[in-house]
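K.L.:
Residues per chain are reported as follows:
There are 2 protein chains.
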Amino acid sequence: MDHIAGLLSLRERQPFQLYATDRVIKMLTANPIFNVLDAGLVRRCGVALDQTFKLENRPDAGSEVFAEMFAVPGKVALYMEDEQAGPNFGTVAEDTVGLKIVDRGTGRSFFYIPGCAAMPDSLALRLRGADLVFFDGTTWIDNEMQHTGVGQKTARRMGHMCMSGSDGSIAACASLGIRRKIFIHINNTNPVLLEGSPQRAEAEDAGWEIAWDGMEIVL
Amino acid sequence: MDHIAGLLSLRERQPFQLYATDRVIKMLTANPIFNVLDAGLVRRCGVALDQTFKLENRPDAGSEVFAEMFAVPGKVALYMEDEQAGPNFGTVAEDTVGLKIVDRGTGRSFFYIPGCAAMPDSLALRLRGADLVFFDGTTWIDNEMQHTGVGQKTARRMGHMCMSGSDGSIAACASLGIRRKIFIHINNTNPVLLEGSPQRAEAEDAGWEIAWDGMEIVL
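Protein chains in written order, with the numbering used here: chain A, 1 to 219; chain B, 1 to 219.
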């Protein structure tokens with residue numbers, strides 16, 4: 001939801017290409033409201049996981065920017081959950097993905113992983129030594145929703161690692177040699193958003209930056 | 001679209017009632033993405049045109065606030081257009097509606113009409129002497145999209161009256177004795193948004209206010 005709702009705001013007859021897994025393309029097709037994106041201007045391109053593809057139609061068409069999607073631990077979108085399907089809610093590989101974007105001109109690359117429920121060895125290996133990683137910063141502690149009185153679900157139940165603790169994202173990334181680490185997708189209950197909070201200090205001491213609206217990054 | 005896309009941002013387990021025409025309820029049902037609004041918390045209430053109904057579940061439950069929806073000239077939503085259906089694109093009465101909200105405690109009321117393609121006598125009669133009208137302020141001139149280079153369609157083709165000129169909304173409302181008139185739904189091409197512009201001065205001289213984010217009104 002966080003990654004498709006904005007499509008409804010991109011309907012000003014602006015041409016662009018929409019890259020997504022077949023599962024997401026199918027979901028968009030099943031919701032005719034997304035026809036606000038004129039098919040003559042917005043081409044929907046289904047792409048397979050673990051395949052590198054070139055980003056087309058960029059304003060700086062001379063560049064050589066490629067992308068790759070890969071599965072990360074997560075969960076099916078809340079509104080598509082089917083509790084009858086059992087404890088994993090019928091999750092498939094395409095339910096939660098990360099992105100790697102590579103500029104073949106400069107050789108620089110970054111990862112964009114806004115939702116991630118755990119750090120298996122395979123993902124840690126992928127991120128090792130990366131120039132830049134944007135990572136899921138939803139909550140500080142796993143039971144933050146209960147703690148702040150806004151909900152009952154744990155971060156894990158929502159498909160997110162928390163930042164702190166021995167199984168949190170800060171610990172999981174500590175020894176991966178990532179050059180620049182930036183938390184994104186931060187819930188409004190997360191005290192790391194508060195400048196001057198001890199949690200903010202702890203994240204920054206561990207080498208993390210907290211993303212902000214309008215942030216620009218040069219690799 | 002302008003009036004339903006925001007539903008996707010109201011999914012934080014907040015209970016409320018959703019009032020809409022049957023045509024809109026049906027469209028929401030046809031788009032499963034709106035199931036992000038948990039049916040246990042958000043009740044969808046289909047209401048008929050020209051019927052007064054009480055607004056339930058308001059925080060100040062003691063008040064007696066009623067609403068009524070009525071058809072206004074307009075058009076079918078762009079993404080639902082079917083050019084095969086002929087020049088009126090199959091428009092039905094429920095494609096564009098206005099709202100009247102009445103507080104039976106104070107007797108005060110206001111109209112909310114964010115899209116309106118013309119001012120027939122029946123609508124002028126309805127608005128005559130109103131305490132407050134929020135009205136469609138999409139464009140200043142009919143061919144504003146072409147004029148500013150952002151599109152080909154006229155305001156009328158998009159289902160909107162322009163503000164200026166002999167068939168514009170300022171002229172149409174001039175003699176209706178409305179106590180307070182506020183333009184809403186203003187496109188980013190409309191020069192009335194610019195403080196100090198001659199168009200802004202002309203609208204204000206005609207007794208109109210230009211709505212702004214965070215505006216609060218006491219009737």
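Incorrect hints may have been included.
[Unchecked claim] Interface residues of chain B toward chain A, partial, derived using beta-carbon atoms under 10 Å:
(1) I4
(2) A5
(3) R11
(4) E12
(5) R13
(6) P15
(7) F34
(8) V36
(9) V150
(10) G151
(11) L194
[What the hints assert, rightly or not] Think about it this way: if two alpha-carbon atoms lie no more than 30 Å apart in a straight line, the pair counts; the simulated DSBU-like pairs of lysine-lysine are:
(12) B/K26 with B/K75
(13) A/K26 with B/K26
(14) B/K75 with A/K75
(15) A/K75 with A/K26
(16) B/K54 with A/K26
[To be verified] So the derived label-pair ranges between C-beta atoms look like this:
(17) A/G214 with B/M1: 46 to 56 Å
(18) A/N143 with B/A48: 17 to 27 Å
(19) B/E56 with A/G151: 21 to 31 Å
(20) A/I101 with B/Q51: 26 to 36 Å
(21) B/R157 with A/F66: 22 to 32 Å
(22) A/N188 with B/V65: 48 to 58 Å
Hints listed in this document are in silico derivations from the structure and should not be mistaken for laboratory results.
These figures come from a predicted structure and were not determined experimentally.
For glycine and all other residues, C-beta sits at the position ideal for the given N, C-alpha and C.
K.L.:
All hints are to be evaluated individually against the structure, with a verdict given for each.
P.N.:
Hints and how they fare:
{"no.": "1", "hint": "I4", "result": "holds, 8 Å"}
{"no.": "2", "hint": "A5", "result": "holds, 5 Å"}
{"no.": "3", "hint": "R11", "result": "holds, 7 Å"}
{"no.": "4", "hint": "E12", "result": "holds, 7 Å"}
{"no.": "5", "hint": "R13", "result": "holds, 6 Å"}
{"no.": "6", "hint": "P15", "result": "violated, 14 Å"}
{"no.": "7", "hint": "F34", "result": "holds, 8 Å"}
{"no.": "8", "hint": "V36", "result": "holds, 5 Å"}
{"no.": "9", "hint": "V150", "result": "holds, 7 Å"}
{"no.": "10", "hint": "G151", "result": "holds, 6 Å"}
{"no.": "11", "hint": "L194", "result": "violated, 20 Å"}
{"no.": "12", "hint": "B/K26 with B/K75", "result": "holds, 17 Å"}
{"no.": "13", "hint": "A/K26 with B/K26", "result": "holds, 21 Å"}
{"no.": "14", "hint": "B/K75 with A/K75", "result": "violated, 40 Å"}
{"no.": "15", "hint": "A/K75 with A/K26", "result": "holds, 17 Å"}
{"no.": "16", "hint": "B/K54 with A/K26", "result": "violated, 40 Å"}
{"no.": "17", "hint": "A/G214 with B/M1: 46 to 56 Å", "result": "violated, 26 Å"}
{"no.": "18", "hint": "A/N143 with B/A48: 17 to 27 Å", "result": "violated, 46 Å"}
{"no.": "19", "hint": "B/E56 with A/G151: 21 to 31 Å", "result": "holds, 24 Å"}
{"no.": "20", "hint": "A/I101 with B/Q51: 26 to 36 Å", "result": "violated, 54 Å"}
{"no.": "21", "hint": "B/R157 with A/F66: 22 to 32 Å", "result": "violated, 41 Å"}
{"no.": "22", "hint": "A/N188 with B/V65: 48 to 58 Å", "result": "violated, 30 Å"}
The structure fails to meet hints 6, 11, 14, 16, 17, 18, 20, 21 and 22 from the earlier list, while all remaining hints are met.
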